[in-house]
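If you want the building blocks of each chain, they are given just below.
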Amino acid sequence: MTPVVSAQKICKSFGSVDVLKGIDLEVHEREVLCLIGPSGSGKSTLLRCINHLEKVDAGRLYVDGVLVGYKQRGDKLHELREKEVAVQRKDIGMVFQRFNLFPHMTALENIMEAPVQVRREPKAQARQRALELLDRVGLADKAKNYPAQLSGGQQQRVAIARALAMQPKLMLFDEPTSALDPELVGDVLGVMKQLAKDGMTMVVVTHEMQFAREVADKVLFMDGGVVVEEGPPDQVIGNPREERTKEFLARVLNPNA
Amino acid sequence: MSSPSAESTAPAPEPDVAPEAAPIRAVPVRHYGRWAAGVVILFLAFIVVRSVVTNSNLQWDVVGEYLFDDRILRGLQNTLILTGISMVIGVVGGILLAVMRLSPNPLMSGAAGIYIWLFRGTPLITQLLVWNYLAAAYPRVGLGIPFGPEFVSWNTNNLINLFAASLLGLGLNEAAYMAEIVRGGIASVDSGQLEAASALGMKRTTTLRRIILPQAMRVIIPPTGNETIAMLKTTSLVVVIGYFELMVSVQQIYAQNYKIIPLLLTAGVWYLFMTSILTLIQMQIEKHFSRGTSRGVANQAKWRSRMLGFRFGAGRGGAGGATA
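Protein chains in written order, with the numbering used here: chain A, 289 to 545; chain B, 17 to 340.
Keep in mind that the hints were calculated from the coordinates and are not lab data. What you are looking at is a predicted structure, and each value in this text was computed from that prediction instead of being measured. Heads up, a few of these hints could be off.
Claimed, not checked - The following residues of chain A were derived to be distant from chain B, with all beta-carbon distances above 12 Å:
id: 1; residue: D312
id: 2; residue: Y358
id: 3; residue: E420
id: 4; residue: E502
To be verified - With the Cβ distance kept under 8 Å, some of the chain B side facing chain A (calculated, not the full set):
id: 5; residue: G217
id: 6; residue: K219
id: 7; residue: R220
id: 8; residue: G308
id: 9; residue: T309
To be verified - Rough simulated footprint, nothing fancy, chain A against chain B, three-plus residues with beta-carbon under 8 Å:
id: 10; stretch: 197–211
id: 11; stretch: 226–238
For glycine and all other residues, C-beta sits at the position ideal for the given N, C-alpha and C.
Looking at chain A on its own, in the form it has when it is part of the complex (with noise of 0.2 Å):
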């Protein structure tokens, strides 16, 4: 079966900056990957490598088989128009660490607005998901509600809404909760575990190794633009062979020490 996400020698720079130097990675059906490291070790680059927000420089990068960004006629590569790189994206759900929500509208608005405008939705029944989505993140009763009367726990999980109202069959989750006052940490993670539970494959960059070693089926540990060390979180989080690993997790787990 071909895997959701799959990348080969991935490579990206900003300028003379290499932030990832040759990744490898594979995302099955179903399955969790959580990408941990300090910041700066590329992790978010990847993530938005793979809904093509940034553009790939060397490597190849499929979603579901299909080439992400290019078109490849006999051995050359063409780049996809801005119109078929959104045909692209509207099946990879995306989360933001500042959530991205859009101010000048409701809650529920804000779900209806991509089925209406891109999938060309009857509005009735747009605004009948959203509300199932909206009562699925435990926000039945804040449709009516701008973003801005929101608390960030609450817009985080309007934007997990609003990105599986495209009904995506992949979701990237972008550093979810590290924007969020601690107390308010707990809610969307619960959403986040529960959509793992019903099936959904996700990538997910995070800080939450409890969360990491709970939910994810694999994961894996960067560091200046390389993966260190991969496997199950039980032996990547509990039971870390490489030095570097070791370090990183000494310090996020304790940080007082």
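Once you have looked at the hints, place chain B on chain A.
Frame of chain A; chain B shown alone:
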């Protein structure tokens, strides 16, 4: 640094009695300075109003006589038409230029840049005159294939009358200024909004129409209101090409009867009336586009309590914020 150093401050004194949970009813600060300044302002206002009412040189009866004079009303009508159409040209052209300016195509953004440079860099009077005398440079204008056959052509003087020259001058000049206002508005929208829209599979044009422009509007509208009010008065420049509007009508009348001050007052009354209406419209539009912002609920501290420092009524005072 993190070692638990000894707490140097004295322990806080234990209150003997637990403070009552009743609402605090403290004596408000008395703003004596504000009272004094207020008295001065009121006195000055009295002097001004008294002179306006009693000075017979102002000839308010003449103002009343001319307020609805035919020539004045025709001038007023022209002012409104010129302002309205010029602003439509300006806003539509401005959005077009701003989008061009932000285009990834360097020739597009370059062309918009040169347009803005040209139309902001020369006086409006010059532009009005150039449009008016365009026939001197291009006696005929036509439609056809460049360097090929021409299908139709017109005499420039017939095509561009005074009205058209005024609109071209005012509207195209305004577009250059509006372009910068719209560009600023678009730039003020957080780049995360564009990313979120892209990640949802929205196309560029959809993103611009549904996500970026509605948010940019909040930044675009106040200066656009300014521009409209300025345009109301700038239309009087059409006098240089011999066209007329409110100010020109007024000047023509007092050139005959020498009732200069009352006629200037007449014009002033009409201009103030129109700007007041425009301000009201602007407030309504701003309210519409402030949806979802906490500042949409304005700070409504009552001015009586600001001024006098007294509490009025038993109601709970204080800042009303957005719902939590």
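Evaluated hints:
1. D312: holds, 24 Å
2. Y358: holds, 17 Å
3. E420: Per Cβ check, E420 (chain A) is outside 12 Å of chain B; nearest 18 Å; holds.
4. E502: Fine: 26 Å to the nearest Cβ keeps E502 (chain A) off the interface.
5. G217: holds, 4 Å
6. K219: K219 (chain B) check passes; min Cβ-Cβ to chain A is 5 Å, inside 8 Å.
7. R220: Nearest chain A Cβ about 6 Å off; hint holds.
8. G308: holds, 4 Å
9. T309: holds, 6 Å
10. 197–211: Coverage by chain A holds for the stretch 197–211 of chain B (4 residues, Cβ < 8 Å).
11. 226–238: Check passed, 4 qualifying residues.
Violated hints for the displayed structure: none, as all numbered hints are satisfied.
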